[in-house]
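Read off the chains here:
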Amino acid sequence: MLPEALGYAPALLSPDILAVLLIGVAVGLVIGAIPGLSPPMAIALMIPVSFHMPAERALVMMVSCYAAGIYAGSFSAILLRAPGTSASAASAIEGYELTKRGMAVEAIRISTFASVVGGLISGFVLLLLAPPLARVALLFGPSEYFLIAILGLTAIASVSFGALVKGLISGMFGLFLATVGIDLYSGFPRFTFGITPLSSGIGIMPAIIGLFAFAQGLELCLGPAHDTIAGVTRLSWNLMPKWSEIMRVRWSLLRGWGCGLVLGIIPAAGASVAQWIAYAWEIRRGRPGDQFGRGELKGLAATEGSNNGSTGTSLVPMFVLGIPGGISAAVILGALIIHGLQPGMRLFSTNPDVVYTVIWGFILANLVMGFLAAFMARVLAYATVFPKGLVAPLIMVFSVLGTYVNSNNVFDVWLMLAFGVLGYFMTAFRFSTAGVLLGLILGPIAENGFRDLMVVSHGNPVLFTLQRPISLALIGLIVLVVYYSSRQTLRERKDSETIASVADDRGAAGG
Amino acid sequence: MPRYVGEIIAAAAISLIAGFFFWYSASLPAGGGLFPQFATGCTTLLAVYWAVATFLRRGEPGRVEPIDFRPTYEKFKPVIVVAATVAYVILMFVVGFFVTTALYIAAISLILGVRNWRLVGLTLIVVMPLIYLFFVTFLGARLPPGYAI
Numbered sequence: 047m048l049p050e051a052l053g054y055a056p057a058l059l060s061p062d063i064l065a066v067l068l069i070g071v072a073v074g075l076v077i078g079a080i081p082g083l084s085p086p087m088a089i090a091l092m093i094p095v096s097f098h099m100p101a102e103r104a105l106v107m108m109v110s111c112y113a114a115g116i117y118a119g120s121f122s123a124i125l126l127r128a129p130g131t132s133a134s135a136a137s138a139i140e141g142y143e144l145t146k147r148g149m150a151v152e153a154i155r156i157s158t159f160a161s162v163v164g165g166l167i168s169g170f171v172l173l174l175l176a177p178p179l180a181r182v183a184l185l186f187g188p189s190e191y192f193l194i195a196i197l198g199l200t201a202i203a204s205v206s207f208g209a210l211v212k213g214l215i216s217g218m219f220g221l222f223l224a225t226v227g228i229d230l231y232s233g234f235p236r237f238t239f240g241i242t243p244l245s246s247g248i249g250i251m252p253a254i255i256g257l258f259a260f261a262q263g264l265e266l267c268l269g270p271a272h273d274t275i276a277g278v279t280r281l282s283w284n285l286m287p288k289w290s291e292i293m294r295v296r297w298s299l300l301r302g303w304g305c306g307l308v309l310g311i312i313p314a315a316g317a318s319v320a321q322w323i324a325y326a327w328e329i330r331r332g333r334p335g336d337q338f339g340r341g342e343l344k345g346l347a348a349t350e351g352s353n354n355g356s357t358g359t360s361l362v363p364m365f366v367l368g369i370p371g372g373i374s375a376a377v378i379l380g381a382l383i384i385h386g387l388q389p390g391m392r393l394f395s396t397n398p399d400v401v402y403t404v405i406w407g408f409i410l411a412n413l414v415m416g417f418l419a420a421f422m423a424r425v426l427a428y429a430t431v432f433p434k435g436l437v438a439p440l441i442m443v444f445s446v447l448g449t450y451v452n453s454n455n456v457f458d459v460w461l462m463l464a465f466g467v468l469g470y471f472m473t474a475f476r477f478s479t480a481g482v483l484l485g486l487i488l489g490p491i492a493e494n495g496f497r498d499l500m501v502v503s504h505g506n507p508v509l510f511t512l513q514r515p516i517s518l519a520l521i522g523l524i525v526l527v528v529y530y531s532s533r534q535t536l537r538e539r540k541d542s543e544t545i546a547s548v549a550d551d552r553g554a555a556g557g
Numbered sequence: 200m201p202r203y204v205g206e207i208i209a210a211a212a213i214s215l216i217a218g219f220f221f222w223y224s225a226s227l228p229a230g231g232g233l234f235p236q237f238a239t240g241c242t243t244l245l246a247v248y249w250a251v252a253t254f255l256r257r258g259e260p261g262r263v264e265p266i267d268f269r270p271t272y273e274k275f276k277p278v279i280v281v282a283a284t285v286a287y288v289i290l291m292f293v294v295g296f297f298v299t300t301a302l303y304i305a306a307i308s309l310i311l312g313v314r315n316w317r318l319v320g321l322t323l324i325v326v327m328p329l330i331y332l333f334f335v336t337f338l339g340a341r342l343p344p345g346y347a348i
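Residue numbers (this note's numbering), protein chains in the order written: chain A, 47 to 557; chain B, 200 to 348.
Isolated chain A (complex conformation) (with noise of 0.2 angstroms):
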């Protein structure tokens, strides 16, 4: 396979494919970076604009701004704690504190190593072994999913930090907004009490932009209005990563990269599921010094890895089999199919010189992002030196306007302003605003898998989960993770308990 996919590399060298390279890059960047406005908009917006250009060109340029879209939504997330996309959420914890640190420069070079490294991975292995993958993908049914989502609910055990039971009722308050609407199976509305637009549920926009964005405005309202975010007034420009900082965070990349490989390939869960596992894998094999919660490198570099690393993955279901693994995934398929593409195993055999340039063009974009990204969020890091009193409007300003942009519809507005000051309390409170959202994400998945596994297994859904190897091997590797998490909660309540003793036994021979 490799000596025939290296025969289309040389069309990338074409100056239409590169021009066409180069904009699907850089509207990803721009797009991805404001709250609310997400790749599979920017790839929609792409569309029509494509009617015309050849099949190969139209589709190098909306992999490029997929790639560069789910990127840059971390510039917003650690500059700002507001996460341009779904799958930058969990970057904004580590990221946006580590910027409160003065390390925003050192935060964007790891970002921006995680993002194109994992990128280039994930279009390679898409490259090679598209066709295995796919058949993969096609193994995973209902008891799988059911299961994967509880893989990802173990994670609010992590991101709890310390507050586990706010964080698990947090987790649950997710889960219970996420069947708001219209229940799918009955078509009977839960929850709505008669308003209208809240029949299709609570959308996971108005969410992260209200939980995160809004709320990270209305917390830069204290304090000095001239402060600023970073508490420094000067930035570096070296956006090189030291070899020291890739070391120290080289096992967090490479679980990073794995779980964004894994994920990716599974339809419907993708970068946003991939993003909280990783991150909670990370929490759990911390070691003594380590601030996971206070700004840490090695949370900031699996996420970011996590994300760009099911970028190409999610692209193997699509071409392979016709199934989209994620919304862009879906808007790529419209696309391809507009062009006049038969996605599917023939489309390998039929249209090589599409399916190869557009691989190529991926990776190539991965490179190209890497290189126009960090000098971009550079640029944007200057908002971190600003006085707070004028970010913070900015902020609610870009959080009412995407969140407007993006669904043309005020509801979607007052419901981000809701979460904004409930984040605001959450946050005040210790409760966990990515507890919310996991349960969100993860609870339409859930259901769904679920139900679905109680109508194929005829009611008899533990049986039936038990027949099939990649349950097994799930339900393994929630086992694993529930243990590690509770000899961590554990040790650290021994540790806390032994640091209160000694300073009892000082306290007492001080006094």
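Okay, the calculated beta carbon distance ranges per label pair:
#	chain 1	residue 1	chain 2	residue 2	range
1	A	Val502	B	Ile279	51 to 57 angstroms
2	B	Leu233	A	Ile524	18 to 24 angstroms
3	A	Phe170	B	Ile289	50 to 56 angstroms
4	B	Leu215	A	Gly386	55 to 61 angstroms
5	A	His272	B	Leu215	39 to 45 angstroms
6	A	Pro334	B	Phe292	50 to 56 angstroms
7	A	Asn284	B	Leu318	23 to 29 angstroms
To be clear about the criterion: a stretch of chain B counts as covered by chain A if any three or more of its residues have a C-beta under 8 angstroms from a C-beta of chain A, and this derived list gives those stretches:
#	segment
8	241-248
9	325-336
Hint data in this document are derived by calculation from the structure and do not stem from the laboratory. Here a beta-carbon is modelled for each residue, glycine too, at the ideal position from N, C-alpha and C.
Given chain A, put chain B in place with the hints provided.
Below, chain B without anything else, positioned relative to chain A:
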């Protein structure tokens, strides 16, 4: 009021609200209430656990300190900003997006204590055309027009 009493009241309120939705979910047809019942049932149990654990550890240093209810301008800033944002969203459909946005940014900066009007003016001069170019010209977004712009 000590902090632990506030936490117990919050836990009780959460468990009552979750308990109501648990009861409400039972009336949903075709198994539609199963998952909401799981979420609300777990929330109720967790809130009860939180209340009991808080009561048992009420003597811990962080929990006996009184909650500071004294009203200060600093504490009210987020409330004022939320009220201003609600007014902003309503008014942008009446007055128009661009005029309302410029006024909103200037007003919030003033409320938060920014007095460097040159910086506020420069920010508006840079941000407003960028919003127009990107959202209206490039994305073709239809921002609320109102009677102004």
